[in-house]
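Chemist: The primary structure of each chain is shown beneath.
2 protein chains.
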Amino acid sequence: MASRTSFADLPCSVARTLDVLGDAWTLLVIRDAFLGRRRFSEFAESLPIARNVLADRLAALVEHGVIEKVRYSERPPRDEYRLTARGRELFGVIAALLAWGDRWLTPEGEPVPLDLVHLPCGHAMRAAVTCGECAGLLEARDVRVRANLGQPLPAAAAASAGPAVQPDAHA
Amino acid sequence: MASRTSFADLPCSVARTLDVLGDAWTLLVIRDAFLGRRRFSEFAESLPIARNVLADRLAALVEHGVIEKVRYSERPPRDEYRLTARGRELFGVIAALLAWGDRWLTPEGEPVPLDLVHLPCGHAMRAAVTCGECAGLLEARDVRVRANLGQPLPAAAAASAGPAVQPDAHA
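Line order of the protein sequences matches chains F and C.
If you count the first sequence from 1, you need to add 11 to reach the working numbering.
If you count the second sequence from 1, you need to add 11 to reach the working numbering.
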């Protein structure tokens, strides 16, 4: 793979996150880890991906602290890959991607590929992204963005129907 | 760019979503659209990206119905790019990526780059991913996955600390 531009230095948590999760394979590796896969051979069997690319993505996830490599057998030496606390907190991102895909990309007349059952309430459910303060469903038009680092934000979008986050640089 | 493996045919909404959102540039274009950017020149100014790559990503987003191209001037002919309903619903994904990055990737002692203010409640807030049925915070260990298409899922992970989604193929 050619080296990729690093987004890590952009003063934006989305960009920083994408520097870690930067390509689709990486997110599919994480999805697989949430599905219980741990061994290199399990990931290799699940994903249509070259072994060197898989090894590269796993190594990057270990480097970023999303997955840890744990030796589970000494003779022969064998390692497995487990999500760290940081990695387990990506469940919300994966669940949000899945919910959007269920809603917009499921072929008409087909069931969604996977049901997620939330054990505490017992329901098959879809993830919702909500406000951490008031628990209301987050919609772009209800959110105003303030820059904390003096990063220029574009002038507020015209009031017509359109992108809805309201930039409001106060830095 | 070399052509990329298509994930669209994998029976998984995460994979289908990643086929649309497949690389970090695409997600940063969407982030910028939520920040109110609409014109090619605004995206080009915001993102350290070659113009042909930007044009390619915008065209793919139009093709997938995430963004629409709208002519706003006839003479000279000028178009702008606006999120569609489908695109606006990606706000949750972007907000979840941002929340994770705020939490895990903000350098120590630095403020988070952006504050999101939720206008209905008036608070600076972080997104939470919750159960669409009971509104409880989603955690991987509380979610069981059932395959609807007979797709094999790995045997349930061992009960030790680890990946927490519990596969439960019932197909």
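Rather than coming from a laboratory, the hints here were simulated on the basis of the structure.
We put the CB at the ideal spot given by N, CA and C, even for glycine.
Mixed in with the good hints there might be a few duds.
Stated by the list, open to error - Across the chosen pairs, the derived CB separations fall in these ranges:
# : chain 1 : residue 1 : chain 2 : residue 2 : range
1 : F       : Gly133    : C       : Asp67     : 26 to 34 Å
2 : F       : Glu119    : C       : Arg114    : 13 to 21 Å
3 : F       : Arg86     : C       : Gly76     : 49 to 57 Å
Claimed, not checked - If you only want the chain C side, here are some residues facing chain F, beta carbon under 10 Å, derived:
# : residue
4 : Leu46
5 : Phe51
6 : Gly120
Chemist: Run every hint past the structure and note whether it holds.
Modeler: Against the structure, the hints:
no. : hint                              : in the structure
1   : Gly133(F) / Asp67(C): 26 to 34 Å  : violated, 45 Å
2   : Glu119(F) / Arg114(C): 13 to 21 Å : violated, 38 Å
3   : Arg86(F) / Gly76(C): 49 to 57 Å   : holds, 54 Å
4   : Leu46                             : holds, 6 Å
5   : Phe51                             : violated, 14 Å
6   : Gly120                            : violated, 13 Å
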